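Enquirer: Quick note: the sequence shown uses this note's numbering, first residue 3, plus one each step.
To be clear, the hints were calculated from the coordinates, so they are not data collected in a lab. Remember, predicted model here, so these are calculated numbers, not experimental data. Among these hints, one or two may not hold up.
[As the list claims (entries may be wrong)] Have a look at the derived ranges for each label pair, beta carbon to beta carbon:
id : residue 1 : residue 2 : range
1  : ARG30     : TRP684    : 55 to 61 Å
2  : ARG30     : SER62     : 27 to 33 Å
3  : ARG281    : GLU26     : 38 to 44 Å
4  : THR680    : ARG30     : 50 to 56 Å
5  : CYS430    : TYR473    : 20 to 26 Å
6  : TYR531    : SER636    : 28 to 34 Å
7  : SER636    : VAL297    : 57 to 63 Å
All residues carry an ideal CB built from backbone N, CA and C; glycine is no exception.
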Amino acid sequence: MGRAVTVATCALNQWALDFEGNLERIFRSIDIAKSKGARYRLGPELEICGYGCSDHFYESDTLLHSFQVLEKLLESPATQDIICDVGMPVLHRNVRYNCRVIFLNKKILLIRPKISLANAGNYRELRWFTPWSKARHVEEYFLPRIIQEVTGQETVPFGDAVLVTKDTCLGTEICEELWAPNSPHIEMGLDGVEIFTNSSGSHHVLRKAHARVDLVNSATAKNGGIYILANQKGCDGDRLYYDGCAMISMNGETVAQGSQFSLDDVEVLVATLDLEDVRSYRAEISSRNLAASKVNPYPRVKVNFALSCPDDLAVPTCMPIQWRHHSPEEEISLGPACWLWDYLRRSKQAGFLLPLSGGIDSSATACIVYSMCHQVCLAVKNGNADVLADARRIVNDGTYIPEDPREFCKRVLTTCYMASENSSQDTCNRARLLAEQIGSYHISLNIDAAVKAVVGIFSVVTGRTPKFSVYGGSSRESLALQNVQARIRMVLAYLFAQLTLWARGMPGGLLVLGSANVDESLRGYLTKYDCSSADINPIGGISKTDLKSFIQYCIENFQLTALRSIMSAPPTAELEPLVDGQVAQTDEADMGMTYAELSIYGKLRKIGKAGPYSMFCKMINIWKEIFTPREVASKVKHFFRMYSVNRHKMTTLTPSYHAENYSPDDNRFDLRPFLYNTSWSWQFRCIDKQVN
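Throw the hints in and build the complete structure from the sequences for me.
Expert: If you want it as structure tokens, here you go:
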């Protein structure tokens with residue numbers, strides 16, 4: 003009959019500019035797809051060079067090496083008798099495009115450039131690429147000589163076209179095009195395309211996965227059809243974690259689901275589906291058929307190949323499944339953990355060093371590393387040879403097998419509690435107990451001698467000795483003394499990261515982990531160049547509220563009972579003197595706002611695009627039951643003063659795992675000035691007018 007088609011999609015852990023590794027992972031995915039009977043294989047966006055090349059896309063080397071990889075793919079027997087759809091940059095008439103190159107049996111069928119480019123948030127595609135603006139138009143592309151020698155083709159079709167095989171019709175979308183209001187799949191479906199493909203470079207954001215799944219399913223719910231989505235996975239060189247979720251959907255229902263978080267570099271989904279189910283689904287949608295009769299047709303590239311077999315009546319087809327979404331707490335446990343693993347193995351370091359204060363933030367960071375250790379042990383147990391090889395190299399033991407997360411954690415995580423005269427015994431005990439329960443190599447030290455030495459130098463030079471405010475000093479003196487402690491901790495963290503393993507007779511160095519959450523960064527409640535300055539920060543894009551929920555999750559799922567006392571203690575920097583041996587300083591009192599309030603401010607500022615006046619107008623309704631308009635005005639003004647005074651700190655923010663759409667990361671995501679007129683005189687006058 004020729005109605006059951008077998009197709010494959012994949013999630014690949016590609017790495018920017020790792021052409022050799024990227025090629026190997028593409029080959030592995032094709033081998034797996036063919037072994038499972040697939041006749042079509044789809045890969046992630048820009049998989050040949052890696053999605054995150056950024057300004058390397060400007061370099062001719064990136065284009066050259068991408069074509070060299072394509073040459074290897076075309077000439078390999080592994081790519082015979084399967085349509086391969088790969089992503090790479092292509093220069094056409096001196097314009098650079100983000101393209102899909104679709105080939106079969108050493109012949110390129112079509113080069114399809116991206117039509118809608120992603121250019122918001124973390125995406126900057128318009129910086130490097132130009133969108134293809136000629137709808138349903140195809141031009142000749144002259145192939146480089148190295149490709150001509152393999153294919154025997156001088157030119158190939160380049161543009162907005164669809165493929166017609168012996169049994170069906172396929173149309174291509176690339177990532178952002180699925181999210182666009184005028185997605186190509188709408189018109190393609192009306193023009194008879196039965197299989198839609200989407201190659202994505204979509205990164206993880208907390209609570210986002212359902213949106214992607216809903217878009218894919220809705221793409222075929224109204225119009226019928228099969229939708230295949232491939233995605234990048236892992237850390238390919240920066241702050242983002244691409245979260246897989248490869249999937250196949252038919253007629254509005256998911257039939258195959260890939261994992262969102264895993265340590266597998268190559269994951270392939272294969273599904274066999276009945277084309278007659280698409281045709282019968284469409285047959286009774288009269289509104290769709292009326293629109294289809296008037297559609298402007300796409301150019302068609304004929305392919306002498308079938309995705310089905312002639313005698314396929316006995317071939318079982320896939321049935322719909324229920325998509326299982328992770329809870330936000332599971333996402334925090336898994337996403338940053340996988341990102342840390344990629345960063346650790348690809349940086350070729352021997353582990354992490356974490357300044358562990360006994361507070362929620364550093365404890366959450368420790369728990370994420372512990373979760374990473376769980377994922378490594380689970381992957382090895384499931385036979386992942388790549389993870390085992392990486393683990394052995396990291397711990398410098400060629401026979402090692404990670405089986406116990408606590409034992410592996412002791413090898414890769416060093417925690418360090420840095421006490422001062424302002425530290426309480428409670429936080430010291432909490433840090434020590436948590437370190438024992440997760441198994442980290444734990445160090446306790448005292449920084450008072452270093453603090454006294456630094457302050458002593460200042461006193462010798464100036465003849466003045468600063469005091470804390472509780473001892474009669476000014477707020478300037480007190481803040482400076484707090485900052486000295488914080489910055490000395492950063493210096494010591496890097497010293498111990500470089501030399502701890504040397505002192506223990508072991509090779510390698512450690513990556514320093516930061517643990518400032520997204521809300522503290524937004525408010526600027528951190529010392530510039532303190533322990534928030536690190537190599538990477540797995541919680542820098544996560545709110546305090548979500549971190550508390552994650553800590554509770556760890557208590558229940560990892561049985562880390564030490565976290566109970568950490569959860570119940572009020573967050574404190576412990577930089578001011580104790581009162582009767584007890585902590586007198588708390589974060590929320592210092593900030594003049596709660597963490598819950600900070601989350602609201604952050605979402606309105608970034609996601610809601612609200613300046614001071616708009617935020618006030620929204621907040622008087624949100625808080626109308628608890629605060630007067632004058633109180634709301636005071637709170638909004640205080641936030642914007644503190645935000646603008648401290649914005650300069652974002653320019654040196656440690657690279658953080660991106661998890662929230664209200665992140666204040668100045669480097670890539672939240673582009674704003676760092677020298678403000680902090681009086682906000684015009685804006686605040688508008689607020690005062692409304693209050694009055």
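Enquirer: A separate judgement is required for each hint: does it hold in the structure or not?
Expert: Hints versus structure:
1. ARG30 <-> TRP684: 55 to 61 Å: holds, 59 Å
2. ARG30 <-> SER62: 27 to 33 Å: With Cβ atoms ~28 Å apart, the hint holds.
3. ARG281 <-> GLU26: 38 to 44 Å: This hint holds: roughly 39 Å between Cβ atoms.
4. THR680 <-> ARG30: 50 to 56 Å: Between THR680 and ARG30, where Cβ atoms are some 54 Å apart, the hint holds.
5. CYS430 <-> TYR473: 20 to 26 Å: holds, 23 Å
6. TYR531 <-> SER636: 28 to 34 Å: holds, 31 Å
7. SER636 <-> VAL297: 57 to 63 Å: For SER636 and VAL297 the Cβ distance comes to about 58 Å; the hint holds.
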